[in-house]
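Mapped onto mature numbering (1 follows the signal peptide of the UniProt record, and there is no 0), the consecutive letters of the sequence shown carry residue numbers -18 to -1, 1 to 452.
FYI, nobody ran anything at the bench for these hints, they're computed from the structure.
A portion of the hints provided could be inaccurate.
Once the Cα atoms are required to be at most 25 Å apart in a straight line, the calculated BS3-like pairs of lysine-lysine come out as [unchecked claim]:
1) LYS208 with LYS259
2) LYS122 with LYS47
3) LYS259 with LYS450
4) LYS259 with LYS293
5) LYS444 with LYS424
6) LYS450 with LYS424
7) LYS424 with LYS259
8) LYS101 with LYS122
9) LYS444 with LYS259
10) LYS47 with LYS101
11) LYS47 with LYS102
12) LYS208 with LYS293
Derived Cβ-Cβ restraints for the label pairs, each shown as a range [said to hold, decoys possible]:
13) THR146 with SER106: 25 to 31 Å
14) ASP105 with PRO448: 43 to 49 Å
15) PRO187 with GLU321: 42 to 48 Å
16) PHE41 with VAL174: 36 to 42 Å
17) VAL307 with ASN29: 41 to 47 Å
18) SER276 with ILE441: 17 to 23 Å
19) TYR397 with ASN332: 17 to 23 Å
20) ILE441 with LYS208: 36 to 42 Å
21) TYR206 with LEU330: 47 to 53 Å
22) ASP54 with ASN167: 41 to 47 Å
23) ALA354 with ASN167: 54 to 60 Å
24) PRO187 with SER40: 49 to 55 Å
25) ILE441 with GLN335: 17 to 23 Å
26) PHE173 with SER40: 34 to 40 Å
Quick reminder that beta carbons are idealized off the backbone N, C-alpha and C, glycines included.
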Amino acid sequence: MLLRGVLLVVQALQFAGALDLPAGSCAFEEGTCAFDSVFAFLPWILNEEGHYVYVDASFARQGEKAVLLSSDLQAEEWSCLRLVYQITAAPGPPSHPSQLNLYVRFEDESFDRLLWSAKKPSDSWLIASLDLPNSSKKFKILIEGILGQGNTTSIALFEIKMTTGYCIECDFEENHLCGFVNRWNPNVNWFVGGGTIRNSHSILPQDHTFKNELGHYMYVDSVYVKHFQEVAQLISPMTTAPMSGCLSFYYQLQQGNDNVFSLYTRDVAGLYEEIWKVDNPGNADWNLAEVEFSAPYPMEVIFEVAFNGPKGGYVALDDISFSPVRCQNQTELPFSAVEASCNFEEDLCNFYQDKEGPGWTRVKVKPNVYRAGDHTTGFGYYLLANTKFTSQPGYIGRLYGPSLPGNLQYCLRFYYAIYGFLKMSDTLAVYIFEENHVVQEKIWSLLESPRGVWMQAEITFKKPMPTKVQ
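Model the full structure from these sequences, guided by the hints.
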């Protein structure tokens, strides 16, 4: 038996143009559209008042399945398939939960490809967003529901919608918000703005899509912030197919100095990587941001805003799109690794030191039994930490590299030799820091090393903003 109140939720999801849904779609208003129950299995039952189909324990036993099969489809352009569904379970942890599977069956293949699967029960509808890479082959969509244990278990399908485009794209004009979800926070959250919604704190004169007051956008406001560094996150659907190109979106900022607007990726293991951060708040109108985006494996995109207090203003977001080409703003001259490299034979190149402290000295030592020559030629120059100070507590010598453009993958390789230290841990470390922020991030440090010989270190890193190596 489905939970009470589901019908009201489902009705809220229907679109004005439900009868004109594209191929591969169905809102189950009066039937199953171009989808049919496979005769060899349980039938999917259309609710008497429409709006969803279901299979439940009132007419089926545990382990029995119902299969819904589409007509022939074709995706000559990259498409997104969204499934609005619900799985309910009997009270208590089920030992054999119900399961919902979605397969793709290509015309020239004798097997079905599993594209997605879910078995977690919920007390409301959920949205699955599945990328379908473009293909010249015809295919069918096969949806399989397998009933689990319990006399109140059920599986319901509220809507299937297949559209051209990528699943991480959204203009926030549809009720399901393209599968984007807000990570709930007691004090600060992303909300839908525009349309008939009115909020005295965060009302924009117009959205970006339609450029009028009826269009919709997402916004987050600091008015309810109670603590320093309150964070709001808007999370995209997980990508389900490899993609690489340009992710773009439009945003507005108010009081940009009191909030931090960032973009992260997060993989299935929960690993975050920052790929963009506001450098300049821009103007009061909608500002375009373009970010190089690569998802060789499943990952989410997270729009995050951190506020410093209740007067941190607001951030608005609209029209997220993706293109499988490089961003148009990538017009600067290609980065030259030569400019960020140095063998110290002539000088320090584009590296420099702190004005205070003993630092590093450029030296040339003739090879002998006590000390090797430089690594480049054996007879050239290299940098040496001032040995007169290395035995003193708190001695630090800092060497800074040139500015490195953001959104590029770097490989830093250098050679080092250690002499005379009783304890090696952290005697040598490498940090990176964004030029507009003082926070440093350690990316490498020495743990243990043979003494008196040149050793190679190699580090890869990527940051969204211009950075320096220290």
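Evaluated hints:
1. LYS208 with LYS259: Status holds; Cα separation ~24 Å.
2. LYS122 with LYS47: OK: LYS122 and LYS47 at ~18 Å, within 25 Å.
3. LYS259 with LYS450: Holds: LYS259 and LYS450 sit about 16 Å apart, inside 25 Å.
4. LYS259 with LYS293: Cα-Cα ~20 Å, so holds.
5. LYS444 with LYS424: holds (13 Å)
6. LYS450 with LYS424: holds (12 Å)
7. LYS424 with LYS259: holds (20 Å)
8. LYS101 with LYS122: Status holds; Cα separation ~22 Å.
9. LYS444 with LYS259: Satisfied, since the Cα-Cα distance of roughly 13 Å is no more than 25 Å.
10. LYS47 with LYS101: This hinted pair holds, its Cα atoms lying about 14 Å apart.
11. LYS47 with LYS102: Status holds; Cα separation ~17 Å.
12. LYS208 with LYS293: holds (10 Å)
13. THR146 with SER106: 25 to 31 Å: holds (28 Å)
14. ASP105 with PRO448: 43 to 49 Å: The hinted range 43 to 49 Å holds for ASP105 and PRO448, with Cβ atoms some 47 Å apart.
15. PRO187 with GLU321: 42 to 48 Å: Given range 42 to 48 Å: holds, Cβ gap about 45 Å.
16. PHE41 with VAL174: 36 to 42 Å: holds (39 Å)
17. VAL307 with ASN29: 41 to 47 Å: holds (44 Å)
18. SER276 with ILE441: 17 to 23 Å: Between SER276 and ILE441, where Cβ atoms are some 19 Å apart, the hint holds.
19. TYR397 with ASN332: 17 to 23 Å: holds (18 Å)
20. ILE441 with LYS208: 36 to 42 Å: Holds, at about 40 Å.
21. TYR206 with LEU330: 47 to 53 Å: holds (51 Å)
22. ASP54 with ASN167: 41 to 47 Å: Because 45 Å falls inside the window, the suggested range holds.
23. ALA354 with ASN167: 54 to 60 Å: holds (57 Å)
24. PRO187 with SER40: 49 to 55 Å: At roughly 52 Å between Cβ atoms, SER40 and PRO187 fall inside 49 to 55 Å, so the hint holds.
25. ILE441 with GLN335: 17 to 23 Å: Check passed, 21 Å falls within 17 to 23 Å.
26. PHE173 with SER40: 34 to 40 Å: Taking Cβ atoms as reference, PHE173 and SER40 lie about 39 Å apart, which means the hint holds.
Violation of the numbered hints given earlier is absent; every hint is satisfied by the structure.
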